[in-house]
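Novice: With the hints as your guide, set chain W onto chain S.
Chain residues, written in single-letter form:
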Amino acid sequence: MRKLLLSLFLGLGTFVSKAQDFEFGRMEAVDAEFDIRKFDPLANAAVLNEFGLSRIDLDDAKGQTMLLFSYHARIKILNQEGFSNGDISIPLYKSSSYDNNEEISEIVAATFNAEDRVWVRTPLDPKKIYYEDVNRSYKLVKFSMPNLKPGSVIEYSYKIKSPRLFNFRTWQFQSEIPKRTSTYIARIPAIYNYNVALRGPYKLSKQDAALDRECLRINGVAIDCSKITYRMDSIPAFRSEEFMTAASNFMSAIYFELSDQQTLQGAKINYTKSWKDVDYELKTDKNIGTQMKRADVFKDVVAPLLKDISDPLAKAKVIYAYIKKNIKWNNYRGISSDAGVKKAFETHSGNVADINYALISALTAAGLEAEAVMLSTRANGAINKLFPVISDFDYVVARLNIGDKSYLLDATDPLLPFGLLPLRCINDQGRVISLKKASEWIDLKATQREATRYVLNGEINEKGKLVGTMNIYTNGYAALDRRKQINSYNSPDEYVEKYDEKMPKTKILKYAFSNLDTVDMALSEIYQIEMDMYDGTDHNQLYFNPFLVDRIQKNPFNLSERNYPVDLGAQRDVRIVANIRFPDKYAVVDKPADLSIGLPDKGGRFLTQTTFENSVLTFSQMLTLDKSIYTPNEYLSLKEFYSRIIQLQKTDIVLKKTL
Amino acid sequence: MRSSLYTLLFSLLAAVASAQYPAAQIPAALKVRANAVVRDMETTVDMRAPNDVGVRIKTAITILNKNGREHARLVLMYNKNSSIKYVRGQVINEWGAVKGKFSLSDFSDESAVDGGTLFSDDRLKHYLPDEHLYPYTVVYEYEKRYKQNLVLPEWQPIPGFDISVEKSQYVFISQPEDKLRIKTSNFTGKPFEEKTEKQHKITWTAENLPAVRQEVYGPDTETFLPAVRIAVEKFYYHGFRGEYRDWTELGRWTYENFLKGKRQLSPYTAAAVADMVRDLPDDKAKAKRLYQYLQQKVRYISVQIGVGGLQPMSAQEVDQLSYGDCKALVNYMQSLLDAAGIESYYCVVNAGNYKQSMMADFADMRQGNHIILCLPLKGDTTWLECTNQKLPFGFLGDFTDDRTVLACTPEGGKLLRTPKLRPEDNIQLRTAFFEVAANGTLTGTVETRFGGSQYDAHQYISNKQAGEQLEALKEIYDVDNIIVSDIKYLNEEKPVPSFIESFNCRLPSYATGSTNRTYLVLNAFNRSGQIPELRTRTMPVYLNRGYTDIDSIVYTMPTDLRLETKPEDVRIDNQFGTYELKVTQSGNRLLYRRKLVIKEGTFAPAAYEEFSKFRMRVHELDQHRAVFMKGTR
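Sequences listed follow chains S and W, in order. With the numbering used here as the guide, the letters of the first sequence map in order to residues 57 to 715. With the numbering used here as the guide, the letters of the second sequence map in order to residues 82 to 714.
Extracted from the complex, chain S is given alone in its bound form (with noise of 0.2 Å):
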């Protein structure tokens, strides 16, 4: 993913740009040339023409600057399956203030159909836009176009009146459908200075400022804007895949945030600030920085807890432990504490920054150093590093620093071990926010690799069934998995007989997990299992396949190609060892090669090794992904490597009678 930092040079251009809204409803030639079948064989609709205006300007009503939005789209239906581009559904925010609610007007659309070579126009009517209330955050105008046939053209156009300056308006260059163009206009007057960064792969096909003079007059002060067209042609269709992070992290679209304005008076008002200014307001904010600092609130609960323990990595375990236990999450997130940490600890439940500003202030209580950490999740997206952008933030960890080593903590989810955070807070870098330095950047790594080992010992008995004992063992993120899906079930017993009944062949006769609750520790599953192999073991030929765990039925990565990083979050490591003892009658006559592949680059490793000496059987496998994020190019070596690894546990070891 590329971002490129447009900057606006106010005054630059002295000419007046002539780039407008298309007509509606006057289809035009380079509409019916664009061959959309030929840009992209998948399309059932594309956009032909998309034009959007959005400029600053005073609402004499109200007295206030408003963000005035018009947005004009022609988009061409190409069969049935395409038809669902005709539900419009345009999202308008609410506040609580009634005041600064979003306003729809001039809803103009309809449906254009070639009938003997004459488009022929069915209007929207009006009764038919229905206004959704969702909640109270916004709500929905909603219409769906009239008379659609495959081959329509249906076109519709709108204005939004928003009291929302902060983030101007984004403009999506690309969505779902293909574009032929998309052309963006941003008038700003002079005294609002905005930061403007381009997401996404995509180049600008046309870029250009004008000078708009005395476009603004506010107490009788012209303000000069500047007029800035940003156009994009040929826009693919964005079509997401597995094992991505946020679809906004690859969409081309163009971000604006509001950095400075000037007052009237001359005053100069910073919103996008330095990371000095910033880091102070976080400091100083009463939801922020101020529940970093409830010491208090933990000094007489932490006290007991610690008072035979002397070393601080140990303190902070148990004041970890005691945090997860004492303040549950509700789901929310955000970086200002909601309920604010004296509350949460209170009544037991809080938002993630109730939460974690908790665990700092507790860790402060017992004398250690903590800081907040201000991340964006997987599913929020990219933060933008060059200028403070506070709202890309949605979460928030501590960061526990001893000595010279520092420990990322969450205590959002009881089953985390110490010092590894949830996946979804592994997304690229966060910014630590410290009471006493200067806040800076740093990198978001799974800690703890998804590691998993099998150890199968047993034998195969006169009645042809295999009995013996399976461990599984379980770390870091692969431990997590398993906790969660053994706490889902009411109780370990629950677990195990669901378990048991998954697996029709094999029985379990016995269980003992250790380390279930002790999080900081490997998770230990111990099985007691009885397998039906054979129907007795008079068999002049036994055949006997050694991928009896965690066998690979589907290859994962089985796309033909890949446009966008396969990020998996954390590495990966499977082991496998297995013991089997046959009856003494058997010999090996076949069995699969051992093998040993990577991936390129030191991606991975996929090792097995077969033995069979005295009647015992071992067999040994190893699987890692030494990398989290796999780009583009080295898909069809992933999947190439799954395919090798599909391939190879389809062969058997074959024994033969020997006596």
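Derived by calculation from the structure, the hints in this document are not laboratory data. Any given hint could be a false lead.
Unchecked claim - Derived CB-CB ranges, DEER-like:
#1 T304/W - R220/S: 53 to 61 Å
#2 E288/W - R295/S: 55 to 63 Å
#3 P240/W - N326/S: 54 to 62 Å
Every value quoted in this text rests on a predicted model; they were computed, and no experiment measured them. Where a beta carbon is used, it is the ideal one built from N, C-alpha and C, also for glycine.
Specialist: Showing chain W alone in chain S's frame:
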């Protein structure tokens, strides 16, 4: 003053309740396999007048563990026809102490429009107590008011799986002159009746009902969960008044009030219809032509406003918009048929993969969630699904097959049965030929005929763009690295619709092995899955719909491979179906044939063991391989 009085009342209520519902008092039997327990619930419906029905719910539910947490969620639907008067509640800890209170202001308010709906005026308020220490009890009370009595709340004391009931009560209060019809299912308790001059009160009480566990291949919950449904003879609904006692009357009323007069077409469209059908020989051919026209012209979009939940949009409106919901599209199709002089019935159905009929002995407006069209065609009854742009003429698919529906006709309502898709109709017949190369790569052709419900399940692929078809086929023909080309689809005109899918494909390194041996998994594409082996089975085994799969694959092997072992022939016959596996060698060719027939039906709980063994045996046999030795001897 008033608010402080309320506060006082509320705190009194809280004080009284605080001593109640300690978790320790739950009888042990009710904790078995339960995630939550309904401690005490009282549902009171007070039908003061047809346009004024109060519904009051008072309940206490103990949540035993995190899996029961959703039972603490309170979801209240409302719209222009029903309003929420008040809600108050509290959360109580394990020992019976009040931890917190909530009221309507704590609820989130959202529109209840689902993904497939353009607009509906239904809204909901919901609240889930933020409580994580188990067990805890939620006690709440709310009252709703309905401005209609056509659709009355039903009583289902067991609200779902894994929840038990200590006590649940249903009180229905009506005016002495109201005539009620009551349908009790799976419930043996006798109601207690009180009749005075002023009111008629009936009370049902259920106590100590253990939790029900959900089991795979289980029957419809309708068949075993207790329920009481009530319908009233004289009703009021959105300005409409009416009365009914049975399906005949309800169907007639629906026709008279919601359907009649909705089918006029513009002279232009009527003329267009006449044009379309002029030269066609009979009514069936005409209907087919009009159905194709409908499928091309309209698309399904749901709009539910006010009485629109039951009443279709007019035909003229659909004609202009080219979209509508199931009611509107059926009504529009009827208007086209009218113009061609063909009779048709608007039919209310319980749609869904699970077959659910209208209750023969109890008519009410609650039943049914979809509309389909029935054409009597002088004995050649034909059914149409009007919301699908691709289904063949006369085919309902597995969404509405084999169940009774209510036809709303001018002569009154009639219960009719939709056609059944038999196991021999729901076919998947596959023939494939593969050339096996020395490196284990298979190259060949695959041709499959899908019919009946299997047509339904595969039809969507044929409508996709070529590139998407490739990806979809990769998912269905789930062999690693499969490369598919020359995909063709051919629809077959048959009484039970079917289509043929054919393609060429390559399966790289499919038959691999060790130095000396090559392994060939014979069932390349149709391996059936596993089902759990249950230690205890309480529900009957219910197989919703039968089917027939036949796979024939011819493998031509390289000449230097010698067959070492092949699976033995198998034939299994039992009450659930049959399975046949046969592998024949002929020169260097190996013919694999597999047939699986699953019958539909309901079987005793004890039959589950045999059923799961059967399915597991099939699963195992589907993995079987032929083993070849390398090098000719």
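Novice: Which numbered hints does this structure break?
Specialist: No hint contradicted; all consistent.
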